[in-house]
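Enquirer: The residues making up each chain are set out below.
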Amino acid sequence: MNPMILFILLFSLAMGTITTLSSYHWLLAWIGLEINTMAIIPIITKKHHPRATEAATKYFLTQTAASTLILLSSTLNAWTTGQWTITELHHPLAMMMLTLAVAMKLGLAPTHFWLPEVMQGTTIKTALLLTTWQKIAPLTFIYLTSNHLSTKMLFTLGLLSVMLGGITGLNQTQTRKIMAYSSIAHMGWLTMILTLNLNLMTFTLMLYITMTTSSFMILLMSESKTMTDLGLAWTTSPTSMLLLMLSLLSLGGLPPLSGFMPKLLILKEMTMLNMISMSTILALSALPSLFFYLRLSYLMLMTIPPTTTTTEHKWRHKNNTLKITAQLFIITTTLLPITPLVNKIL
Amino acid sequence: MSYFLFLFLLCFALAIIGVASNPSPFYGVIGLVMAAFFGCAVLVGFGSSFVSLVLFLIYLGGMLVVFVYSIAMSAEAYPKTWGDFLVILYVFGFAFLILVFSFIFEVSDIMGSLTVDNVGLYVIRMDFGGVMLLYSIGGPVLLLCGFGLLLVLFVVLELTRGLARGALRIV
Chain A
1 MNPMILFILL FSLAMGTITT LSSYHWLLAW IGLEINTMAI IPIITKKHHP
51 RATEAATKYF LTQTAASTLI LLSSTLNAWT TGQWTITELH HPLAMMMLTL
101 AVAMKLGLAP THFWLPEVMQ GTTIKTALLL TTWQKIAPLT FIYLTSNHLS
151 TKMLFTLGLL SVMLGGITGL NQTQTRKIMA YSSIAHMGWL TMILTLNLNL
201 MTFTLMLYIT MTTSSFMILL MSESKTMTDL GLAWTTSPTS MLLLMLSLLS
251 LGGLPPLSGF MPKLLILKEM TMLNMISMST ILALSALPSL FFYLRLSYLM
301 LMTIPPTTTT TEHKWRHKNN TLKITAQLFI ITTTLLPITP LVNKIL
Chain B
1 MSYFLFLFLL CFALAIIGVA SNPSPFYGVI GLVMAAFFGC AVLVGFGSSF
51 VSLVLFLIYL GGMLVVFVYS IAMSAEAYPK TWGDFLVILY VFGFAFLILV
101 FSFIFEVSDI MGSLTVDNVG LYVIRMDFGG VMLLYSIGGP VLLLCGFGLL
151 LVLFVVLELT RGLARGALRI V
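As you go down the protein sequences, you meet chains A and B in turn. Oh and the first sequence: position 50 is 50 in the UniProt record's numbering, straight run, nothing missing. Oh and the second sequence: position 70 is 70 in the UniProt record's numbering, straight run, nothing missing.
Think of the hints as simulated: they come from the structure by calculation, not from any bench. Heads up, some of the hints might be wrong.
To be verified - FRET-style restraints, in silico, Cβ to Cβ:
{"id": "1", "chain 1": "A", "residue 1": "Phe7", "chain 2": "B", "residue 2": "Val68", "range": "47 to 57 Å"}
{"id": "2", "chain 1": "B", "residue 1": "Gly93", "chain 2": "A", "residue 2": "Pro255", "range": "53 to 63 Å"}
{"id": "3", "chain 1": "A", "residue 1": "Ile324", "chain 2": "B", "residue 2": "Phe50", "range": "27 to 37 Å"}
{"id": "4", "chain 1": "A", "residue 1": "Met96", "chain 2": "B", "residue 2": "Val152", "range": "23 to 33 Å"}
From the three backbone atoms N, C-alpha and C, an ideal C-beta is built for every residue, glycine too.
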């Protein structure tokens, strides 16, 4: 791709999301969303292959349908209430349409099937974009309207996402698809906490983005596309495999790592609101996700052949790790001790 | 105007059924054109004549391309019309659904309350306020929309770039 075109596309990708983030009017937010969607499509097809084109088509169709739903719901709201402010979403039908549209954009459970397929069709870098930056704009909508959204509906969507993201991820062998299912499950956690505590939702999103980015950095460095690739990836760099294991377990939410913190705080918040059975179900639904993270870790670090090892380190190291990986890993693994501080701020 | 609006909405629904009932693509495109036409007529009924005109011209300009494309893509010897068994099944199914939904959501109430029952210049008064805003305080939004369209141009050019660099080619 021409660097100039790439610059325009990345600029618009950033600008679309920022327009959505900084708007109070439905139409302006929608324009931002559309600019964002348009800009990512050539980035998805950057690797010129029918798979990538197919992925871009799938992405375009789902995102356009969802955008149209958002436009419809905002128009309906403006029609019945006479104003276009995002935070004043009063019509129940418009509220439901918006929730469903955002669920489709985020890849929440009943409408999540596009996400793994699109991610499988693109490069690892684009998959990283799809799981992190592309989540921000849709989440803005439900962040701004969270006072009017139906808690029951969001709970249904969230719980379904956490369950299905975990269970359908069990059968996958491709790392990008596993990351997609992990993303679905995490988006489920976000929607569960959305109407209960907005700051906690934002914090969870920030930490999720950090953890996913650090995992993707190592996948990118070792070019591991499947589980089989991960099995031999230690020859590239054993240290980074250890780090990948830690970041995956952090995504799964194991205690000494920082991924445990948002889960703990969410469950605490729900327990404080006397939703004990719901929080128990939520905590148990995180177990299948943990299982596939554990399986990845097991395959890449904890198995060695029962013979003398025939594989050695690659003698020529291609050092293509981005510099930011180190900082991301510090946040991903060691943030747990500041939990009291975060708890106080939230 | 209410009676006109009722007629337009009915034709709009029929045209959409014509697209959705899965005939051959070029019949479907005819349905789409009719839906565009009657949709614009409904907009006039609600009092936005300028938006309706713009939509009609631009949409039909785009539809022309879609029309040519669909005819080029689907050269069938025996195209399915709206008279075929499966298609007509869809037609009646969708018509039934529309009736049910219009009873549930009480469409007739909405329609009676929103028409512009005036004549002359009053018919064209509603949407010019918005158009005017685009050239005064809404200038930045106009610029943003223009930038969005420019971006779409770049995106389409990048996707359909020729030779070995485009996305639409055989590998």
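Enquirer: Can the suggested window of 23 to 33 Å be confirmed for the beta-carbon pair Met96 (chain A) and Val152 (chain B)?
Expert: holds (30 Å)
Enquirer: At the C-beta level, are Gly93 (chain B) and Pro255 (chain A) separated by a distance inside 53 to 63 Å?
Expert: Holds: the Cβ-Cβ distance is about 55 Å, inside 53 to 63 Å.
Enquirer: Holds or violated: the 47 to 57 Å window for the beta-carbon distance between Phe7 (chain A) and Val68 (chain B)?
Expert: violated (34 Å)
Enquirer: Go ahead and decide if the range 27 to 37 Å is satisfied by the Cβ distance of Ile324 (chain A) to Phe50 (chain B).
Expert: About 51 Å separates the Cβ atoms of Ile324 (chain A) and Phe50 (chain B), which means 27 to 37 Å is violated.
Violated hints for the displayed structure, listed by number in ascending order: 1 and 3.
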